[in-house]
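Asker: Add chain W to chain F, keeping to what the hints say.
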Amino acid sequence: MDPIVIVLLVILGVGLLLVFWLIGIYNGLVIARNRFKNAFAQIDVQLKRRYDLIPNLIEAVKGFMAHERETLEAVINARKTAMAAEQKVAANPAEPTAMKELNQAESLLGGSLGRLFALSEAYPDLKANQNMLALQEELTSTENKIGFARQAFNDFVMAYNNQRQVFPTVMVAGMFNFAEAALLEAEKQEREAPKVSFK
Amino acid sequence: MATDFFQQQDSARRRTVQLVVYFVLAILVLIALVYGLLLVFGQQRASEPVEWWQPELLMVVAAGVGILVGGASLFKVAQLASGGRDVALMMGGVEVTGTTTDPRQRRLLNIVEEMAIAAGVPVPPVYVLDESGINAFAAGYAPGDAVVAVSQGCLEYLTRDELQGVVAHEFSHILNGDMRLNVRLIALIFGIMVLSAVGRVIMSLGGRRASGSGGRDSRGGIMMLGLGLFVLGLVGAFFGRVIQAAVSRQREHLADASAVQFTRNPDGIGGALKKIGGLKEGSRIANPRAAEIGHMFIANAFAGEGLFGLLATHPPLIARIRALDPQFDGQFPEVRRVDVDRRELEGPRPGRVPPGSKLPGLPGIPQVPQVLLPVLGFADAAAARVGQIDPEAIQHARALFASIPEALRVAAQEPFTARALIYALLLDQRADLRNRQLVRLKGDAEPPDLAATVRLVAPVQALTDNLRLPLLDLAMPALRQMSPPQHQAFRAQVEALMNDDQRVSLFEYTLRCVLHRHLDAQFLPQSSRGPMQSSPQKLVSPMAKALSLLAWEGQPEPEKANRAFDTGMRSFIGDEYTVRLTPREKCGLAEFDVALQTLNQSVPTVKRRIVVACAACIRADKKVTVRETELLRGICDTLDCPLPPLAMVETQ
Chain F
89 MDPIVIVLLV ILGVGLLLVF WLIGIYNGLV IARNRFKNAF AQIDVQLKRR YDLIPNLIEA
149 VKGFMAHERE TLEAVINARK TAMAAEQKVA ANPAEPTAMK ELNQAESLLG GSLGRLFALS
209 EAYPDLKANQ NMLALQEELT STENKIGFAR QAFNDFVMAY NNQRQVFPTV MVAGMFNFAE
269 AALLEAEKQE REAPKVSFK
Chain W
3 MATDFFQQQD SARRRTVQLV VYFVLAILVL IALVYGLLLV FGQQRASEPV EWWQPELLMV
63 VAAGVGILVG GASLFKVAQL ASGGRDVALM MGGVEVTGTT TDPRQRRLLN IVEEMAIAAG
123 VPVPPVYVLD ESGINAFAAG YAPGDAVVAV SQGCLEYLTR DELQGVVAHE FSHILNGDMR
183 LNVRLIALIF GIMVLSAVGR VIMSLGGRRA SGSGGRDSRG GIMMLGLGLF VLGLVGAFFG
243 RVIQAAVSRQ REHLADASAV QFTRNPDGIG GALKKIGGLK EGSRIANPRA AEIGHMFIAN
303 AFAGEGLFGL LATHPPLIAR IRALDPQFDG QFPEVRRVDV DRRELEGPRP GRVPPGSKLP
363 GLPGIPQVPQ VLLPVLGFAD AAAARVGQID PEAIQHARAL FASIPEALRV AAQEPFTARA
423 LIYALLLDQR ADLRNRQLVR LKGDAEPPDL AATVRLVAPV QALTDNLRLP LLDLAMPALR
483 QMSPPQHQAF RAQVEALMND DQRVSLFEYT LRCVLHRHLD AQFLPQSSRG PMQSSPQKLV
543 SPMAKALSLL AWEGQPEPEK ANRAFDTGMR SFIGDEYTVR LTPREKCGLA EFDVALQTLN
603 QSVPTVKRRI VVACAACIRA DKKVTVRETE LLRGICDTLD CPLPPLAMVE TQ
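One line per chain: the protein sequences are F and W, in this order. Converting from the first sequence to my numbering requires adding 88 to each position, the first position being numbered 1. Converting from the second sequence to my numbering requires adding 2 to each position, the first position being numbered 1.
It should be emphasised that the hints constitute simulated quantities derived from the structure, not laboratory data. You may find that some hints are simply not true.
To be verified - Residues on chain F that point at chain W, a partial pick, calculated with CB under 7 Å:
hint, residue
1, Leu-100
2, Leu-105
3, Asn-115
4, Asn-122
5, Lys-233
Ideal Cβ positions, reconstructed from N, Cα and C, are used throughout, including at glycine.
Bound-form chain F, shown alone:
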């Protein structure tokens, strides 16, 4: 038996197992990426729901707060920007620049909504309005759901980012373009707003 052949066979065998191992790593990355993409769908549903609620909210407060036009328009514009950003992210949640845009747009929206609610405190009629109360309640619960879904999404993104950073996965990630994914941050303002009063 020719030793060269044996060496050749051994190298081949080891090489083949190595290939499997790499395939395993690659599949692991695909799974981790699809996992956080699926997690984004959770947030997406709730974000859309919130965007749908905002026109109703504007409609409800318009009669009471006619001269706060600026604030109302700020909310309407922020919603428009956020919706555009959300659509981009929904197309590919692994894209960090789109995610950054969404983060900014969301914090803008959160801020303007916060101002709207702060202003609404000055209108006792509005505060007592049943429609307004229901909307506020709806927005809060949506907000809570977004918060929880975002936490899950960020956990999955972190797991993916950590997975792709360790050796030897980082090499496979580099070869096949598994880029680092961005977190969906909760801006401080947004966390506070919109306020709910159970009173």
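Answerer: Here is chain W on its own, set in the frame of chain F:
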């Protein structure tokens, strides 16, 4: 053909054992052949005759082939066995969540939810594949970690009845233990295929190496060696595939038959198969990864039947349709997009074929065994229903579904509220204990969690007992969407809430069984199981522990408890047993849990006895309470035997 759940599980398990034996034989033959090949190769290169018996060479060959084929197979098993979710994610599946607003997806979810509650399994996660063909698969290792995935084409081209037929087909795979069998089959063949891959690499390497230095002789020799390995691998894989395809085709026929049995409507699955034939894309799956899991699909995912159908993983479409509809003329219908009819969302229509009548070309519907003794009759009937679905059960599931208040159903669809729902289910009926639990929840959980829980307390407390487990089943997909850290916090919270009242109630125990069993399988690494017990004699002691608790639960008086215990024990092992009823104060849920874990390490036929014995013990006083049925459900769940809710209702 037997359709008893335990027999099906058993036959799937036996087949797996057979396959492993075949596989070991195949490896031995391969080693011998490769050894022979190398000898011929050496003979060709040497001038004098070579020694035919070379132990070192044989060792090298055995080690090489063993490591290569075994390693490749293990790799494949690890890849496919990591749970159904990973398989679906690898295929790029998008999960359909309870919050979906798309009417087609909603319809799919409704169908799966009904079917799951009817079967008594937690609702599996549902995925949609972005493929225009009509195809579907079920993946996962046990009923608990299964997922169902369907192509977008299914949603667009199939009517509700047809979609229900497809889902029923997949449920049959889940309930019959086909998925585990499939994973192993795929892995074994993959391992053998690797050998031919090595041969191919040797051929190309040999060709290249020789073009530089070295004579024509060595080049020819290496090419020959490569070719030899290549052919060996292919031949091995070919025979592997023939076995696999034969097994797979048989399981497909069985799943088709079960789909009809579950829905009692041959037009459902039959119509779906006809549409596959009529559609231009057919059942093709474009994703290249489909090759790895081709056998899991409902119909051939690739073009061509290959070598006179020997390699086809699925029986020919026309044959499958003819089995369901003997009048089929071979003319496939033209397929158009189906609109979602508002009324279709309302729910399933009753089966087309009256109960009990024989279906055309299909094995008869299994008869629930008629046992003379009323007690054992109940127990056997309960066991016979394990893992079975029929239109009545689906109707019943719909009725259960409809009687769950809207607010709770909505809460079950979304992880944030589903969690609160579980907390609310765990809150005690007694106000003082409940307050203590709420105070603790206030300290540990985030304020929004507490608020959501408090909101659900009233509707949950108003819920009738028989709706609590179906509600838990409904909440399962949402709970599975949590991230691992979220699950960890949730798990700790559940444990704390349960222990707050110093005493774990039976419902809490059952809830914990179902929750932990299905969520831990996803979130925590699972240790591999020990050997399977096939003799009931060896399980007498854990069985006695389990029956004791059951007996005391139903009967506070020692005399009656003793009778219930004896009824159960006699059904399990016959008249000859020496164990006695454990005293009441020694019956804790902790020991009960340990006993159940031991009992779970048994083969399906023994599990059937366990279920029958437990049911007999419960039924000994001719009275079955909801609490007892919940406990039986928990036991069955721990034993991986899905018990439909209807099984318990009918007999009351």
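Asker: Now look at each hint and say whether the structure bears it out.
Answerer: Verification of the supplied hints:
With its C-beta approaching chain W no nearer than about 6 Å, Leu-100(F) sits inside the 7 Å limit, and its interface hint holds. The criterion of a C-beta within 7 Å of any C-beta in chain W is met by Leu-105(F), whose closest approach is roughly 5 Å, and the hint holds. The criterion of a C-beta within 7 Å of any C-beta in chain W is met by Asn-115(F), whose closest approach is roughly 6 Å, and the hint holds. Hint status for Asn-122(F) relative to chain W: holds, with the closest Cβ pair at about 4 Å, below 7 Å.
Look at Lys-233(F): its Cβ gets to within about 5 Å of chain W, closer than 7 Å, so that hint holds up.
Checked against the numbered hints given earlier, this structure breaks none of them.
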